[in-house]
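Colleague: Now for the letters of each chain:
There are 6 protein chains.
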Amino acid sequence: MRPSGRELNEMRLVSIETGVMKHAEGSCLIKMGETHVLCSATIEDKAPPFLKNTGLGWVTAEYGMLPRATNSRNRREAAAGKQSGRTQEIQRLIGRALRAGVDRSALGERQIVIDCDVLQADGGTRCASITGGWVALRLAMNKLLKTGAIVSDPMIDHVAAVSCGIYAGQTVLDLDYAEDSAAGTDGNFILTGKGRLIEVQMSAEGATFSRDEMNALLDYAEAGAAALVAAQKAALG
Amino acid sequence: MRPSGRELNEMRLVSIETGVMKHAEGSCLIKMGETHVLCSATIEDKAPPFLKNTGLGWVTAEYGMLPRATNSRNRREAAAGKQSGRTQEIQRLIGRALRAGVDRSALGERQIVIDCDVLQADGGTRCASITGGWVALRLAMNKLLKTGAIVSDPMIDHVAAVSCGIYAGQTVLDLDYAEDSAAGTDGNFILTGKGRLIEVQMSAEGATFSRDEMNALLDYAEAGAAALVAAQKAALG
Amino acid sequence: MRPSGRELNEMRLVSIETGVMKHAEGSCLIKMGETHVLCSATIEDKAPPFLKNTGLGWVTAEYGMLPRATNSRNRREAAAGKQSGRTQEIQRLIGRALRAGVDRSALGERQIVIDCDVLQADGGTRCASITGGWVALRLAMNKLLKTGAIVSDPMIDHVAAVSCGIYAGQTVLDLDYAEDSAAGTDGNFILTGKGRLIEVQMSAEGATFSRDEMNALLDYAEAGAAALVAAQKAALG
Amino acid sequence: MRPSGRELNEMRLVSIETGVMKHAEGSCLIKMGETHVLCSATIEDKAPPFLKNTGLGWVTAEYGMLPRATNSRNRREAAAGKQSGRTQEIQRLIGRALRAGVDRSALGERQIVIDCDVLQADGGTRCASITGGWVALRLAMNKLLKTGAIVSDPMIDHVAAVSCGIYAGQTVLDLDYAEDSAAGTDGNFILTGKGRLIEVQMSAEGATFSRDEMNALLDYAEAGAAALVAAQKAALG
Amino acid sequence: MRPSGRELNEMRLVSIETGVMKHAEGSCLIKMGETHVLCSATIEDKAPPFLKNTGLGWVTAEYGMLPRATNSRNRREAAAGKQSGRTQEIQRLIGRALRAGVDRSALGERQIVIDCDVLQADGGTRCASITGGWVALRLAMNKLLKTGAIVSDPMIDHVAAVSCGIYAGQTVLDLDYAEDSAAGTDGNFILTGKGRLIEVQMSAEGATFSRDEMNALLDYAEAGAAALVAAQKAALG
Amino acid sequence: MRPSGRELNEMRLVSIETGVMKHAEGSCLIKMGETHVLCSATIEDKAPPFLKNTGLGWVTAEYGMLPRATNSRNRREAAAGKQSGRTQEIQRLIGRALRAGVDRSALGERQIVIDCDVLQADGGTRCASITGGWVALRLAMNKLLKTGAIVSDPMIDHVAAVSCGIYAGQTVLDLDYAEDSAAGTDGNFILTGKGRLIEVQMSAEGATFSRDEMNALLDYAEAGAAALVAAQKAALG
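Residue numbers (the UniProt record's numbering), protein chains in the order written: chain V, 1 to 237; chain A, 1 to 237; chain S, 1 to 237; chain Y, 1 to 237; chain B, 1 to 237; chain E, 1 to 237.
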């Protein structure tokens, strides 16, 4: 029995609202149940220095969390004077995942920065950031296409992410915080719209897992990602 | 003529929505036109070390801005590795202003941390933070009173803040970004519900100002603060 | 009764000695009673990057305090690894105040850096820094005029600063440390030689103040600033 | 055809030499071909504060790389003033992997710190660090058992890690730098002596992968980890 | 011929003025020609943690330089966010030198912090800091003796420092900046009042030196230190 | 009697193994008894900016120590976020010493970086770093000569360093950790192959020393350096 009463393979309610930030080239507020992430895309005219004269563009991401997004207040990273290892790991993951869905040659020598800021957290913030970040990126690309800055669409396919894990001995889909903090094994799966794998991160602390369990989680992940891709499509109209 | 077409003494639309953050002891989203600030209050059981055994509590504030709250993207302070001088100046101001409305003896040896995070900026973010931060603080105090953790209300009076300035040679109330960035003189006035002054910060860069102008701005500030106090009351129901 | 026995509107003894630093383009040691600040001006051939090709110059300031300038030793900011929020707030104030007295177009694309280092502190260090910093700036401008590097004098007017406050229920001028640390309300007023206002910063922590008190403090500030401008003139001979 | 001429499922030569650091409670130099990592274990009498009075111990890891371990010199992280996101991500992984093989209750309230320093790098440094770090940890545990500080062995099982990936369209085992830098997909698999999974990290940048490929890589990983466990046993005698 | 016209073995004019900082437990302004250093001593009731329950005290030093103490402005270390390697090296030297003249057992478990701040620099600032720092330390010890906090004098002997070097092929005493910046070999000698050696630091960049030259410099150093000790005595009256 | 049983003027066993790092342009592992330092040389095509258009090259050094090189674990400097004052002082010393043996004009506008990383420490790590660093530098220069990048050899003479001190009242050569941590006076002498002095650093904490002792230590240093130069020659074949 899951704390939320959900079925083992049942996801939380997903909602994606676009156009929520006046200044950004693309933006959305994604809600996976009580996890709320504000995602924005910023187009920069230059690619990073290491891409100079390669004709390739770049997509990168930054991740943050409001101090009181969580049940007890977290110290503000700007006040602490650095981003935690966890934050850096997450933002590297978001950037890597989104780049897997982009033809950087079609983008040309420019950079798109995706900012994912967690307003409220209840587990799965990095997955929500990837799924919502993709929508913001898509909107920014639309803008570039509309103005003629680029001529062929650099977006290869949808990118969506979902968490899976083993909670109380059972495989579950889309863990919330109550499950996440108690799971023996959990991880994130990032897939394309066609169901191909971009990234698999399964991790056990204490309780190891078998290949059979790994396979069951992959089945869940495929179904979950498909649902998220459908939500992305619906949000973009 | 103001860029927004407003009268010289006309404020922007104010809206304050409470209870927007699930985990916080008090929260609101304040909108002053296109300036949107998310404010939360966190109750901590201990006062800062310098108050140990004094019987006094503390109210402090932290301020942040999402990278794409502004027209062009700002570097994330957590990534830069420090809070800017501007950020520190603002959060010191918010804390100081809110403390002026609190009886720290009635609060007892605990601390309330007000987080003000700007989701979207269009001028006047520090004033909005103070006005909204006061609402979050009020809600947290209500919670302490309700649970019996404190018995007499530490809130002495409302605290509200408004910006005034001299734009295109004319005194104006509640500057938006277009005015703020072009004003010869501008500043912030923080007042109580009874109209007493907590803080006056008028600053000219280049164009100095006279005592007559100072007096005119004080008149505007009194009217503006009164309107904000009314909005606070309406939001709290 | 003030701790020092001074009248309510009586300033401390002011002395300004010029030419005290061999290497600087302008320098002075200003003493406001027991508050001693060493001020120097450095001329740099380039303006900051944001002014490139604008024809405008810049005046900026840095502020520091020797660890044992105060009654108990303060940690050295260089050892702490950063300037405190207070330091940054003060040096931004000094720079802003001095720029209000300068025609940056007449200065041309160069920068003058004013360093204000407190050798001994007894309240009012930021006001002394502004008043003394202006003298160092004036001397550096004289040097530029003398060498022909600039042809018209960029100095528009004197700039002087004085603190005022409400101590033991009475309005007082030029607070020393004993008053400053106990005052319910205090602030700084920066004025030009002609008595126009550049900056007003009044702040109450706990005890709020009325418009009548605000007006009384403005009266004091005008008198105090006039006395400081006279001292600047005397020092420059 | 692999750059090294190895078969697709052929690992590099593995050697593990123990007792190489005079001062450490456990140490080894592990070589995976031209990748050389020096691993040491330090026993600390206290567990980290968050474990106080839980009866549980902790195993943590730190990772570093000599500036000239690589083909072109890397900036020393101590000189740069911080550990990179990559370094933090790796050391978190090493610690998490090793803890999965430890009964922290049997260890009691003490901490073992594993330092993994790469003397020479040719791909796969994080896997070598885990495999070698386990040996250093085992030796330190032996010392605790020998002195009677602990009575039951906290080591549950071996922990070993190996990289797999898709290079030039073919699945390969134990990538060296030439393969790693060109692979479309690669990742790390951490397994126990009994072949259960601790962590799976597969990542594609650009070229996504199928479930069939995922399965083939898992087969390689099981074989590779078994070989590394055998090398650990041989080194420990 | 030296740039200043001095004889090879001629020191600059030395002056030491005591009691120049109102708040410090001991202070002086030492001038070695155009090099001016403000030295203060702060008594702290506790020794550093590593001396707890040893009965021993500690003397430490910090060193700083005003940005415009030098011919061209140096970046403020507090703004740069750290003390340079040079600064740290100097302050470690000052502390070590002064401790060599103190019986830390007679001092008891307290710490004296010597702050040496260079107001104006013309070579030899670290030597001036040691010689002046000793005077500030002596005054602070006098205060401890006078109040009865300590009963036997911890000061074993005078400590004074002087620079020597090889300039234009000739051995010279007490180098000023013009010599220092051009010398092939130079260094610092720290001696006691009885002429025993505390520290010798001779360094050649490019031009090496012989034992005969080393001996000649030691002769100069003995004479120079004796003159400085006489100046210390005169200043203390 | 020395803890190791060595004669007063007896050095530890010295071994220098070259070519130990695959990627470096020059490398060696130097062992002075139980002190082991890995030294590498990296050739960079550009000199530092301050040498632009001077025709001169540069040699610089960085120093590090593995956390468990010592008896108790030291905090990793990269994790602490900065290099300690001690580390900076040592690496400045190494660079200065090596430059004294190089004709920077013959080197041309390029830089050689010497990295010295202590794998195991038992006293005298800075001396071992200099002696071993010189060998790595020599090898890198050989490579430049071989490829014709430079035509005349920039290496003027050998550079070697040895520690001497006063332990238990007796002058001793090449202190190990047991002696170093207990010595009243100790220091480092850096000499050329011809026996000329590059740097002398003698320091007493508590126990001062006489000129006779200074002379005795210089005698030891000359003999010790000669032995190290012989070892350098043997290692280079």
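Treat the hints with care, as some may be off.
Note that identical chains are pooled: a pair holds if it fits in a single copy or bridges any two copies.
[To be verified] Quick list of in silico lysine-lysine cross-link-like pairs, DSBU-like style, CA-CA up to 35 Å:
no.	residue 1	residue 2
1	Lys-31	Lys-146
2	Lys-143	Lys-31
3	Lys-82	Lys-194
4	Lys-146	Lys-82
These are computed hints drawn from the structure, not numbers from a lab.
All values derive from a computational prediction rather than experimental measurement.
Colleague: With reference to the structure, classify each hint as holding or not holding.
Modeller: Hints, verified against the model:
Taking the closest pair of Cα atoms, Lys-31 and Lys-146 come within 35 Å of each other both inside a single copy (28 Å) and across two copies (31 Å). For the homomeric pair Lys-143 and Lys-31, the shortest alpha-carbon distances inside one copy (24 Å) and between copies (27 Å) are both at most 35 Å. In this assembly of identical chains, Lys-82 and Lys-194 lie within 35 Å of each other by CA distance neither inside one copy nor across copies; the values are 38 Å within and 40 Å between. Taking the shortest Cα distances, Lys-146 and Lys-82 never come within 35 Å of each other, neither inside one copy (38 Å) nor across copies (38 Å).
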